[in-house]
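Same order as they appear, the protein sequences are chains A and B.
The numbering used here numbers the first residue of the first sequence as 34 and each following residue consecutively.
The numbering used here numbers the first residue of the second sequence as 237 and each following residue consecutively.
It is worth saying that the hints were derived from the structure and are not from the lab.
Glycine residues also receive a C-beta, built at the ideal position from the N, C-alpha and C atoms.
Heads up, a few of these hints could be off.
To be verified - As a list, the in silico DSS-like pairs of lysine-lysine whose alpha-carbon atoms are at most 27 Å apart:
(1) Lys380/B x Lys433/B
(2) Lys461/B x Lys61/A
(3) Lys470/B x Lys61/A
(4) Lys61/A x Lys333/B
(5) Lys506/B x Lys461/B
(6) Lys333/B x Lys433/B
Unchecked claim - Interface residues of chain B toward chain A, partial, derived using beta-carbon atoms under 7 Å:
(7) Thr589
(8) Glu622
(9) Lys643
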Amino acid sequence: MSTFPPEFSDLEPFADWALRTEGERYAKRLASSMDELQTFYDAALPRLEAAIAHCDQHPLDALPDDAERLLWLCYSLVNASFPIEVWRQQRVPDSGVASMDVVVEPAV
Amino acid sequence: MAHFPKPAEGSWTEAHPELGTAPVSYEDSISPEYYELERDAIFARSWLNVGRMEQLPRTGSYFTKEIDAARTSVIVVRAGEDDVRAFHNICRHRGNKLVWNDFPREEVAGTCRQFTCKYHGWRYGLQGDLNFVQQEEEFFDLDKADYGLVPVQCEVWEGFVFVNLDPDNTTSVAEYLGDLGAGLVGYPFHRMTQVHKYRAEVGSNWKLFIDAFAEFYHAPVLHAKQAVADESRKLSSYGFEGLSYEISGPHGMVSSWGGMAPPKDLNMVKPIERVLRSGLFGPWDRPDIGVDELPPGLNPARSHAWGVDSFVFFPNFMLLVWAPNWYLTYHYWPTSYRTHIFEGTLYFVPPTTARERLAQELAAVTFKEYALQDGNTLEATQMMLESRAVTHFPLNDQEVLLRHLHKTARDRVAAHQEQRSVSAVRISAAS
Numbered sequence: 034m035s036t037f038p039p040e041f042s043d044l045e046p047f048a049d050w051a052l053r054t055e056g057e058r059y060a061k062r063l064a065s066s067m068d069e070l071q072t073f074y075d076a077a078l079p080r081l082e083a084a085i086a087h088c089d090q091h092p093l094d095a096l097p098d099d100a101e102r103l104l105w106l107c108y109s110l111v112n113a114s115f116p117i118e119v120w121r122q123q124r125v126p127d128s129g130v131a132s133m134d135v136v137v138e139p140a141v
Numbered sequence: 237m238a239h240f241p242k243p244a245e246g247s248w249t250e251a252h253p254e255l256g257t258a259p260v261s262y263e264d265s266i267s268p269e270y271y272e273l274e275r276d277a278i279f280a281r282s283w284l285n286v287g288r289m290e291q292l293p294r295t296g297s298y299f300t301k302e303i304d305a306a307r308t309s310v311i312v313v314r315a316g317e318d319d320v321r322a323f324h325n326i327c328r329h330r331g332n333k334l335v336w337n338d339f340p341r342e343e344v345a346g347t348c349r350q351f352t353c354k355y356h357g358w359r360y361g362l363q364g365d366l367n368f369v370q371q372e373e374e375f376f377d378l379d380k381a382d383y384g385l386v387p388v389q390c391e392v393w394e395g396f397v398f399v400n401l402d403p404d405n406t407t408s409v410a411e412y413l414g415d416l417g418a419g420l421v422g423y424p425f426h427r428m429t430q431v432h433k434y435r436a437e438v439g440s441n442w443k444l445f446i447d448a449f450a451e452f453y454h455a456p457v458l459h460a461k462q463a464v465a466d467e468s469r470k471l472s473s474y475g476f477e478g479l480s481y482e483i484s485g486p487h488g489m490v491s492s493w494g495g496m497a498p499p500k501d502l503n504m505v506k507p508i509e510r511v512l513r514s515g516l517f518g519p520w521d522r523p524d525i526g527v528d529e530l531p532p533g534l535n536p537a538r539s540h541a542w543g544v545d546s547f548v549f550f551p552n553f554m555l556l557v558w559a560p561n562w563y564l565t566y567h568y569w570p571t572s573y574r575t576h577i578f579e580g581t582l583y584f585v586p587p588t589t590a591r592e593r594l595a596q597e598l599a600a601v602t603f604k605e606y607a608l609q610d611g612n613t614l615e616a617t618q619m620m621l622e623s624r625a626v627t628h629f630p631l632n633d634q635e636v637l638l639r640h641l642h643k644t645a646r647d648r649v650a651a652h653q654e655q656r657s658v659s660a661v662r663i664s665a666a667s
């Protein structure tokens, strides 16, 4: 049983990034090593445009399950992009143990 | 070097002589005693924004709001089509908190036909009337009409729900918000119903976080590590200048440039931003919001470079309207002189495609990462202010709204104290 649509089988090794909530995505980012984040980023960023095009064959509120999981993976890529593209660390600099929780987020 | 014109008086600050230009004391942010005065003088008698009408979609929809600074919790309920009401969240029988689930201190929301107390089952209608008393015959001369929920003044302005805990208040929200509020009337807030809301417990006085968001002088420095290196260096060399500042009564606003949505040069932004066409300033491709012209209060300098207007509505509500057609609110709910709960809420036009949704996700996560830096820095500020090693601090012209905020808070406390001493004198004279 594949997580993503068949044409995105190359992303199956990153299926554990298909997380529904921002809280889960952020927690996984903090729990990952920089090498793991880099590997995920390098695999997913070149596929982002194709993933968007795939999802946008459907209305956002009627995505097939596999496309919805692909979209969650894209949200995770957004979250993981910050450490890779600018900070070189998992947490935003100078944020110590500060936390900020999502209390309302979109259903999809 | 000035990039944008200042008022004829020479500076934004000197255009308001009552603000002065001297260094400012921050004793108001580090004193437990002073905080107790603020609770009564400010939070127990000002209009407070507690939510949006979208949180009350139908008759019976309700939410609770903890207002620790005013020592209460309120229930806000849609009692009818055009009937939004608020009550103190307390059962008239023996004082139990009426509406809560599992955790007495946590806020809740839902839909109901009536409110039932968990303790002894007293029931109240949506209008607050007491409808049912368990074993009513056991009570003595109990007239249910005398035991409705205690009402709190509640008004809706442009879809924002406000409460005022002072039963003697005679000012409407629209009057209270004054010129700055009037200048926003007609903005299509109601079209921006896609919500991302964040909440944080912050280790600082509530005014310090408003300070942080009421000036952008800090932005090129504190947030330097957020941008690509060349862009970061350029931003630092420019520094920050507001397009315009306005102060009206207890409220203020700063209008800022925003060349990043979209950026002039794609090399200025991060790879993910180039793909998703979004960033801190929001999605670059502006959604249709159904208005030909923005209300007159937005972009008061009529600048082509306009990016965002930040309104500070006293005491604890900030509203940021961004050029790319979305808005953001900040709320600061004090829990002690050195702690508060911060809420940041982003409102977008609902996306219809994954592309639009991802652009909003990037804007929301970017906001959060910036706010984490801001929040953590505040704890460092609070800690050293409390040392009192230094007591007065020079505020520059780009920090005029901070000067105004602290003066407004001090003036409210002083006026309230004066009023109380006058009443105390009257009482002692009468006895």
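So, going through the hints one by one against the coordinates:
1. Lys380/B x Lys433/B: violated (40 Å)
2. Lys461/B x Lys61/A: holds (22 Å)
3. Lys470/B x Lys61/A: violated (33 Å)
4. Lys61/A x Lys333/B: Violated. Lys61/A to Lys333/B sits at ~38 Å, over the 27 Å cutoff.
5. Lys506/B x Lys461/B: holds (12 Å)
6. Lys333/B x Lys433/B: holds (26 Å)
7. Thr589: Nearest chain A Cβ about 5 Å off; hint holds.
8. Glu622: violated (18 Å)
9. Lys643: violated (29 Å)
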